[in-house]
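Protein chains: 2
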Amino acid sequence: MAEGIADRPPARRPGGRSARVRAQILAATAELVARDGVAGFRYEEVAELAGVHKTSVYRNWPDREELVAEALLRYAEDLASVADTGDLHRDLVDFLLALAGGLETPFGQTLEQAVLPAHQSPTVRQALSRILDQRVAALRRRVDTAVDRGELPPVDSSFLGEMISGPVHLIVNRGQRAFARTDAERVVGVVLAGIRATAPHD
Amino acid sequence: MAEGIADRPPARRPGGRSARVRAQILAATAELVARDGVAGFRYEEVAELAGVHKTSVYRNWPDREELVAEALLRYAEDLASVADTGDLHRDLVDFLLALAGGLETPFGQTLEQAVLPAHQSPTVRQALSRILDQRVAALRRRVDTAVDRGELPPVDSSFLGEMISGPVHLIVNRGQRAFARTDAERVVGVVLAGIRATAPHD
Chain A
1 MAEGIADRPP ARRPGGRSAR VRAQILAATA ELVARDGVAG FRYEEVAELA GVHKTSVYRN
61 WPDREELVAE ALLRYAEDLA SVADTGDLHR DLVDFLLALA GGLETPFGQT LEQAVLPAHQ
121 SPTVRQALSR ILDQRVAALR RRVDTAVDRG ELPPVDSSFL GEMISGPVHL IVNRGQRAFA
181 RTDAERVVGV VLAGIRATAP HD
Chain B
1 MAEGIADRPP ARRPGGRSAR VRAQILAATA ELVARDGVAG FRYEEVAELA GVHKTSVYRN
61 WPDREELVAE ALLRYAEDLA SVADTGDLHR DLVDFLLALA GGLETPFGQT LEQAVLPAHQ
121 SPTVRQALSR ILDQRVAALR RRVDTAVDRG ELPPVDSSFL GEMISGPVHL IVNRGQRAFA
181 RTDAERVVGV VLAGIRATAP HD
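These protein sequence lines map, in sequence, to chains A and B.
Heads up: the first sequence is residues 1 to 202, going by UniProt numbering.
Heads up: the second sequence is residues 1 to 202, going by UniProt numbering.
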């Protein structure tokens, strides 16, 4: 295990063969976890799909839950950014559409299932917390900027995040209809208007 | 199978031994599905927990998915009512607290898992649609009354339902904190204010 840990490049180290191998392994893990679940996927198949030797997987991730956790985090990075075009409404609409797009994938569905408290191992729970923290932090920065610019009254940004992303999770998870841009527009419109209307006057 | 169906009392028939037995079987099913999942629970244990003979379970529900579906529906009946005290805000807050209470139970969590598209068999999907339809219908009646009374501008009540219940599902499913009355108050406050503020003027 000491060897495995020493072998890992720092997370921010750019490029290189070893970084490429790790990325391939994480992508393969994401795909197989989506297909077979956290408990069902196999290291042999990860190695085969990633085009690497099985020992590369074992050496880098002796603990399978850490492998899953890291694959979850890698996947979620894409969903943890919020653009700043200067138009808060538009940026939040785009954020919700990216979130819905991510949740609709097989891996997103696996993530939604893993997130249910009954299914959380400590390692996976920790990874999920980090994903949520990243997303909340990205949203907080964007919302704080809007508050500074006077676009929005001071607001609890994690509450704002729950208000706008809750309906996205609900609609995608029910699977009865797609989450469309008009949905995102309505959700963001109602929440921003509601926050402005209920803000205490000073 | 013909015998099994003929044996079933109409859904609204009051009381009687056979109705009592059915209720016991459905409650036992709910408990075991929550513990062992839709695929894992066993008829033998349902019978034992319900205190009935195994043949009573098989005769009434030769199809295990129908048994699960009916247990889901029975459970969900409690969550499908919305009071009318004349105060829309208060009634929606109570609705959200009841929803959160239901989702926090082991059976509620099983329901949340079953609802993910990947897990839906046609029978279970149909049951879930009926649950959602019941809930949407109850909410729609309450919202329509509020619109008639001039408490709220005309609004798409199923959208309103998604807006207020989305954050409840999200917070409960993450399991990082309880959904409290202050959460319900904030959610309903922002959504109603936002709907009023964004309503088209006539």
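Wrong hints could be hidden among the right ones.
[Said to hold, decoys possible] Sample of chain A residues facing chain B (criterion: CB under 10 Å; computed from the structure): (1) 44; (2) 157; (3) 191.
[Said to hold, decoys possible] Partner residues aside, some chain B positions facing chain A, computed with beta carbon under 7 Å: (4) 85; (5) 88; (6) 91; (7) 166; (8) 167; (9) 170; (10) 191; (11) 194; (12) 197.
I should point out that these hints are in silico values taken from the structure, not numbers from a laboratory.
Since we're looking at a predicted model, the values are computed, not measured.
Heads up, the beta-carbon is just placed ideally off N, CA and C, and yes, glycines get one too.
To see whether the hints hold, each was checked on the structure:
With 10 Å as the threshold, the beta carbon of residue 44 of chain A stays out of range of chain B, its nearest partner Cβ sitting at about 23 Å, so the hint is violated. Hint status for residue 157 of chain A relative to chain B: violated, with the closest Cβ pair at about 13 Å, above 10 Å. The beta carbon of residue 191 of chain A is positioned within 10 Å of a beta carbon in chain B (closest approach about 6 Å), and the interface hint is therefore held. The restraint placing residue 85 of chain B at the interface with chain A is violated, with a minimum CB-CB distance near 21 Å, outside the 7 Å limit.
Interface hint status for residue 88 of chain B: violated, as the beta-carbon distance to the closest one in chain A is roughly 15 Å, over 7 Å. With a least beta-carbon distance of about 18 Å to chain A, the hint placing residue 91 of chain B at the interface is violated under the 7 Å criterion. Of the supplied interface hints, the one on residue 166 of chain B holds, with its beta-carbon coming within about 3 Å of a beta-carbon of chain A, less than 7 Å. Look at residue 167 of chain B: its Cβ gets to within about 4 Å of chain A, closer than 7 Å, so that hint holds up.
Given the 7 Å rule on beta carbons, the hint for residue 170 of chain B holds: about 4 Å separates it from the nearest Cβ of chain A. Checking residue 191 of chain B against chain A: minimum C-beta separation of about 6 Å stays under 7 Å; hint holds. Proximity of residue 194 of chain B to chain A holds as hinted, the smallest CB-CB distance being about 3 Å (cut-off 7 Å). Interface hint status for residue 197 of chain B: upheld, as the beta-carbon distance to the closest one in chain A is roughly 4 Å, under 7 Å.
Hint check: violations occur at hints 1, 2, 4, 5, 6; the rest are consistent with the structure.
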